[in-house]
Amino acid sequence: MNKILEVRGLSKIYGPGCPQCLESTGPEADTNLCPHCGSVVAIHDVSFDLFEGEILGVMGESGSGKSTVVKTLYFDQAPSSGEAIFFDNDRQYDLFSLNAAQQRWLRNHRFGMVYQNPNLGLNFNISAGGNIAERLLMSDLMDYGAIRERAKALLARTEVLLSRVDDLPKHFSGGMQQRVQIAKALATQPPLLFLDEVTTGLDLSVQARILDLILEIQQELKTAMVVVTHDLGVIRLLTGRAIVMKYGRVIETGLTDQILEDPQHAYTQRLVASAL
Amino acid sequence: MNPPILQVEGYGKHFQLHEQNKLIPSSHNVSFTVRAGELTALIGPTGAGKSSVLKGIYRTYLPSAGRILYRDAMGHELDLVLASEHQILELRRREIGFVTQFLHCLPRQATLDVVAQPLFALGVSRDVARQRAAELLSAMKLPERLWSVSPATFSGGERQRVNLARGFIAKPRLLLLDEPTASLDPATAERVIGLIEGLKAEGTAMLAIFHHPETTRRLADQVVELAPPPAVEELLEEIA
Ligand SMILES: Nc1ncnc2c1ncn2[C@@H]1O[C@H](COP(=O)(O)OP(=O)(O)OP(=O)(O)O)[C@@H](O)[C@H]1O
Ligand SMILES: [Mg+2]
Ligand SMILES: [Zn+2]
Numbered sequence: 210m211n212k213i214l215e216v217r218g219l220s221k222i223y224g225p226g227c228p229q230c231l232e233s234t235g236p237e238a239d240t241n242l243c244p245h246c247g248s249v250v251a252i253h254d255v256s257f258d259l260f261e262g263e264i265l266g267v268m269g270e271s272g273s274g275k276s277t278v279v280k281t282l283y284f285d286q287a288p289s290s291g292e293a294i295f296f297d298n299d300r301q302y303d304l305f306s307l308n309a310a311q312q313r314w315l316r317n318h319r320f321g322m323v324y325q326n327p328n329l330g331l332n333f334n335i336s337a338g339g340n341i342a343e344r345l346l347m348s349d350l351m352d353y354g355a356i357r358e359r360a361k362a363l364l365a366r367t368e369v370l371l372s373r374v375d376d377l378p379k380h381f382s383g384g385m386q387q388r389v390q391i392a393k394a395l396a397t398q399p400p401l402l403f404l405d406e407v408t409t410g411l412d413l414s415v416q417a418r419i420l421d422l423i424l425e426i427q428q429e430l431k432t433a434m435v436v437v438t439h440d441l442g443v444i445r446l447l448t449g450r451a452i453v454m455k456y457g458r459v460i461e462t463g464l465t466d467q468i469l470e471d472p473q474h475a476y477t478q479r480l481v482a483s484a485l
Numbered sequence: 008m009n010p011p012i013l014q015v016e017g018y019g020k021h022f023q024l025h026e027q028n029k030l031i032p033s034s035h036n037v038s039f040t041v042r043a044g045e046l047t048a049l050i051g052p053t054g055a056g057k058s059s060v061l062k063g064i065y066r067t068y069l070p071s072a073g074r075i076l077y078r079d080a081m082g083h084e085l086d087l088v089l090a091s092e093h094q095i096l097e098l099r100r101r102e103i104g105f106v107t108q109f110l111h112c113l114p115r116q117a118t119l120d121v122v123a124q125p126l127f128a129l130g131v132s133r134d135v136a137r138q139r140a141a142e143l144l145s146a147m148k149l150p151e152r153l154w155s156v157s158p159a160t161f162s163g164g165e166r167q168r169v170n171l172a173r174g175f176i177a178k179p180r181l182l183l184l185d186e187p188t189a190s191l192d193p194a195t196a197e198r199v200i201g202l203i204e205g206l207k208a209e210g211t212a213m214l215a216i217f218h219h220p221e222t223t224r225r226l227a228d229q230v231v232e233l234a235p236p237p238a239v240e241e242l243l244e245e246i247a
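So the sequence lines, in the order shown, correspond to chains A and B.
With my numbering applied, the first sequence covers 210 to 485.
With my numbering applied, the second sequence covers 8 to 247.
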């Protein structure tokens, strides 16, 4: 098995920052807000490896920094410090030293993102098919006919009714919007996918079908994924390994079944116990 | 004698519950060997930590003491206590299977695919994998009408057969079995025992906990009796 992503010391501070930021925040301090300068230490010193075809879970309570981890890796936000190497076949990219054009190229071709809020991932002013076509165009693909065919195939794969290809996503149900987002993310068959709370807020039965879809895709395409969720059920069903975050810091990492059945850290023990 | 695949030396496990400030001993100073094509059975009263030994080997639990030496298909020996998470995941995929009482599966996945899953993960074609799954399920007399639905709503005995079939299908080198026949009627249990004997004959090493002493007597090449772990105070003295 080969490594696809190596993250080391990833940090993101919102605000001016001061010399006391780090010691004044984190699980011990019980906050991510620096009392001296008012900055938010959203994440600090996050490190992990991801292997080809692997699904890694990022769990933790609201505000623990889960989304910030994937947002920095997908270039939605620049990190304050840290390093991430993306291994793509024979090439390797030092993500945060790339220029904007190179970062955009990776985003459009080699990474995919599915947001909790479909507003962030979809353009609500163009049709479902158009959303996918847009991504295919950005990845410098082919003629109009080919793009339309590919968009339809993707929507069919993610079980969006083909009769709705030309409808605007704002008229779709939440579950269907997520399917369109997934289809869009998959358009370029990226080896690496980020999923941020993709089933949160959906009905249980809709949730279940989306989780099924994600796993099927992972098995078919061997896509590596980072799955952000506070839902331990999702963590158990989808992921092989997981990291647990609190106030911006990683407090525990391990095999998912081990984290759920033999959590080591007091915080994780509480988190798991409260979910039973 | 067949070559050893697994050597457990002085395995111990205790849980540290931070919230209650408690130390809970679960297994203590357990040692034994499992060989290719043989079945080692763990026996002992409730609370002796039998399941916790299996979970420690599979790394669902992080062992607290001892070594778990595993010889892989390439002949390399590694200590499962120290192996990396990725090494463990790879071994779970290719060599080590675990049949428990629990079944975690996707809500929509058909039983046939749940069973075939370990073969899918090894890259076996879907058709071949499902064919093999069907053979196993019929060998265990799981009614065919259940194959295409999700096992989420199955009875205990039906679910157990799904678990067993999934554990057997990839013919692991080492198979851990936690009360694999506990919720089966005698006739079905008999079929499962037949399948276990078949796998053993093909060379799978097994470590098992059986509900019935009779099953242990019939299947085990070696029996290891576990005693309940000493009380916390004694453990602490030992550490001190
Ligand atoms: N643009 C921003 N400016 C200031 N603070 C921010 C910004 N974005 C995030 N934060 C803060 O960073 C911290 C981590 O946020 P993040 O969104 O990563 O949390 P999360 O774990 O994803 O939470 P949730 O489960 O609620 O989605 C929070 O305290 C949040 O308020
Ligand atoms: Mg979030
Ligand atoms: Zn500060």
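Any given hint could be a false lead.
Unchecked claim - Just the calculated beta-carbon pair ranges, DEER-fashion: (1) Met347(A) x Ile31(B): 40 to 46 angstroms; (2) Glu270(A) x Arg100(B): 46 to 52 angstroms; (3) Ser414(A) x Glu16(B): 57 to 63 angstroms; (4) Gly205(B) x Met347(A): 34 to 40 angstroms; (5) His218(B) x Glu470(A): 57 to 63 angstroms; (6) Gln301(A) x Arg198(B): 51 to 57 angstroms; (7) Ile31(B) x Asp285(A): 39 to 45 angstroms; (8) Met347(A) x Gln27(B): 52 to 58 angstroms; (9) Asp285(A) x Thr53(B): 19 to 25 angstroms.
Read the hints as simulated data drawn from the structure, not as lab findings.
In this text, a Cβ means the ideal position worked out from N, Cα and C, and glycines have one as well.
Quiz prompt | Hints that the structure is at odds with (numbers, increasing) | solution = Violated hints (numbers, rising): 1, 2, 3, 4, 5, 9; every other hint is consistent with the structure.
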